[in-house]
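Student: For reference, the chains in residue letters:
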Amino acid sequence: MTSSNTTPLSVAIVGAGPSGFYAAEALLKAGATVALIDRLPAPFGLVRYGVAPDHPKLKQTTLTFAKIAAHPSFHFFGGVDVGSDISVSELQASFNAVIFAHGASTDRRLGIPGEDLPGSHAATEFVGWYNGHPAYRDHVFDLSADSAVVIGNGNVALDVARILVKPVDALRHTDIARHALEQLAESRVRHIAIVGRRGPEHAKFSYKELAELTSIEHCGVECDPADLDPARIPDESAWTPEARRNVTLLRDIAPGMTTASGPGHEASHSCRFHFFRSPRAIYGAARVERIEFANTTPASTFNLTYPGDADRLTSIACGLVFRAVGYRGIPLEGLPFDSERGIVPTLDGRVASAFQDDTARLYATGWIKRGASGIIGTNRADSVAVADTLLRDLAGMTGRDGLTLTRQLLEEKAHRAVSFPDWERIDLAEIEAGGPSGKPREKFTRVEDMMAIVNSVNSVTAPSSITADI
Amino acid sequence: MTVVVTDNCNACRFTECVTVCPVSCFHGDDSMLYVDPDTCVDCGACVPVCPVQAIYFEHDLPADKAHWLEVNRTRSGSLPVVDERGTPLPGADVQRVALGF
Numbered sequence: 001m002t003s004s005n006t007t008p009l010s011v012a013i014v015g016a017g018p019s020g021f022y023a024a025e026a027l028l029k030a031g032a033t034v035a036l037i038d039r040l041p042a043p044f045g046l047v048r049y050g051v052a053p054d055h056p057k058l059k060q061t062t063l064t065f066a067k068i069a070a071h072p073s074f075h076f077f078g079g080v081d082v083g084s085d086i087s088v089s090e091l092q093a094s095f096n097a098v099i100f101a102h103g104a105s106t107d108r109r110l111g112i113p114g115e116d117l118p119g120s121h122a123a124t125e126f127v128g129w130y131n132g133h134p135a136y137r138d139h140v141f142d143l144s145a146d147s148a149v150v151i152g153n154g155n156v157a158l159d160v161a162r163i164l165v166k167p168v169d170a171l172r173h174t175d176i177a178r179h180a181l182e183q184l185a186e187s188r189v190r191h192i193a194i195v196g197r198r199g200p201e202h203a204k205f206s207y208k209e210l211a212e213l214t215s216i217e218h219c220g221v222e223c224d225p226a227d228l229d230p231a232r233i234p235d236e237s238a239w240t241p242e243a244r245r246n247v248t249l250l251r252d253i254a255p256g257m258t259t260a261s262g263p264g265h266e267a268s269h270s271c272r273f274h275f276f277r278s279p280r281a282i283y284g285a286a287r288v289e290r291i292e293f294a295n296t297t298p299a300s301t302f303n304l305t306y307p308g309d310a311d312r313l314t315s316i317a318c319g320l321v322f323r324a325v326g327y328r329g330i331p332l333e334g335l336p337f338d339s340e341r342g343i344v345p346t347l348d349g350r351v352a353s354a355f356q357d358d359t360a361r362l363y364a365t366g367w368i369k370r371g372a373s374g375i376i377g378t379n380r381a382d383s384v385a386v387a388d389t390l391l392r393d394l395a396g397m398t399g400r401d402g403l404t405l406t407r408q409l410l411e412e413k414a415h416r417a418v419s420f421p422d423w424e425r426i427d428l429a430e431i432e433a434g435g436p437s438g439k440p441r442e443k444f445t446r447v448e449d450m451m452a453i454v455n456s457v458n459s460v461t462a463p464s465s466i467t468a469d470i
Numbered sequence: 001m002t003v004v005v006t007d008n009c010n011a012c013r014f015t016e017c018v019t020v021c022p023v024s025c026f027h028g029d030d031s032m033l034y035v036d037p038d039t040c041v042d043c044g045a046c047v048p049v050c051p052v053q054a055i056y057f058e059h060d061l062p063a064d065k066a067h068w069l070e071v072n073r074t075r076s077g078s079l080p081v082v083d084e085r086g087t088p089l090p091g092a093d094v095q096r097v098a099l100g101f
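Going line by line, the protein sequences match chains A and B.
For the first sequence, the numbering used here assigns the number 1 to the initial residue and increments by one for each residue that follows.
For the second sequence, the numbering used here assigns the number 1 to the initial residue and increments by one for each residue that follows.
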């Protein structure tokens, strides 16, 4: 469905992660022109900065995104911050529609005393740090403590634990950021507690990731059998197949330290699962020393007020706490924001009508719309549906030349946007830089370094996509 | 590693799986879908969304379905990509109930 004149519909998409790319794909199929905008010079969002470095296969989704980017009506604008470099209203004035797909880049907090003590961190920062995100490049994590506690029961919690207990040699040839590899090589962290507020049947981590944790050499994985007692957990017939597999595996490892190396082998590291524990406070003089939990039961799990029932409290001594209880969206000026859920409120993908005007229709997709749940592919179904709604809403509308208007705006501000061919030069430079250390790439962790490649006169081998004919 | 579409897909072809595949690795003929094992990234998004649980991770394939691995590889090699939700085959819902879902 294109416009009624010869100018195609043009749509700006804010955020070049999976949901942005899948929305672009659906719009391009329908003949629209797409401007995909990201504040970083590097596209791909959490596929580049969230997926763990030891999960390279999952990062191959970027090949799919590159195919989408090769479409002649696709245009990447990297290094453009919607908010400070270009405003939502400027996008509304230029395009037929704008889709917000900027995801969830901050962390949900625990909301407990001591949360900001040195040694208490958001998993989002740790993950961004080891994945080379420029915003976390200079973070320092004091890994001299013997014990760390990870709060959360999703895949991010398991990623954090796994990166902390995996031998550094197993990470050396991944695309992990160099500064992280260096700090992890000095790590004295040996024992991880992974703590969930509810029962094991509610854990959101995938069986695959749980099994992966149990396959690390020299790391014993265990769980308190009391937390797996059928008397504490409701009827299994209501569980998902995944939940059943998770609990079965946890019951298999519960009795004692099981290591991939087999019984009788010394476990130098350990991961211990705890359930039914809600964090109450983090204590420490100058830094984290222990974290206190209130025991929960299925009936009282969501009752977060505990009137000082001392014998229901437990503590874990530790030097590090990572909260991995979810990512959260950040408000954007010009858009409504639900601060309770950390999302842009929508109905069928359309942003609340008070923010719409006659210029451009506004939509949202991905985590900024749904909240931070689901995996990469979940966003595809979401984005296809939102694009479909958009195309039906805009049927018969006159196309606008959003691209030219945006380029003019950025030129007036003397702001150099990064095109997809520009990114491909950065990509090649990273791959080349990784060669000597046997890494698939050595990521540039500073925007200036990426822009130096973009602005350099001597290019690396011209990427073939510049001459691709689709 | 990959995922493998097995016999429950045949005569149903619900196509829920393709809506959540991040790499468009499903190929299809008129009766069912097949996964290209070289493109699949093992994300597992498709496994829980199939109404008849036809999809397995390769390492979870029951012995009596092991042959489907090769069928997926061969068939996906010569069939077009299916990346949009389609209409299930007539009788798909009857089949689903008959399979116990």
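To be clear, the hints were calculated from the coordinates, so they are not data collected in a lab.
Values in this document were obtained by computation on a predicted structure and should not be read as measured data.
Virtual Cβ for every residue (Gly too), placed ideally from N, Cα, C.
Be aware that a few hints might be false.
Claimed, not checked - Cut-off 25 Å, straight-line C-alpha distance, at most; resulting in silico cross-link-like pairs (SDA-like, lysine to any residue):
#1 K59(A) - L69(B)
#2 K67(A) - A66(B)
#3 K59(A) - L184(A)
#4 K208(A) - P37(B)
#5 K67(A) - L391(A)
#6 K204(A) - V49(B)
#7 K67(A) - L79(B)
#8 K208(A) - L79(B)
#9 K59(A) - R39(A)
#10 K29(A) - L69(B)
Stated by the list, open to error - Below, a sample of chain A positions facing chain B; criterion: calculated Cβ distance under 7 Å:
#11 T61
#12 T62
#13 R190
#14 I375
#15 T378
Student: For every hint, state whether the structure bears it out.
Tutor: We went through each hint and held it up to the structure:
no.	hint	verdict
1	K59(A) - L69(B)	23 Å, holds
2	K67(A) - A66(B)	32 Å, violated
3	K59(A) - L184(A)	22 Å, holds
4	K208(A) - P37(B)	18 Å, holds
5	K67(A) - L391(A)	22 Å, holds
6	K204(A) - V49(B)	16 Å, holds
7	K67(A) - L79(B)	19 Å, holds
8	K208(A) - L79(B)	29 Å, violated
9	K59(A) - R39(A)	20 Å, holds
10	K29(A) - L69(B)	31 Å, violated
11	T61	5 Å, holds
12	T62	10 Å, violated
13	R190	30 Å, violated
14	I375	6 Å, holds
15	T378	6 Å, holds
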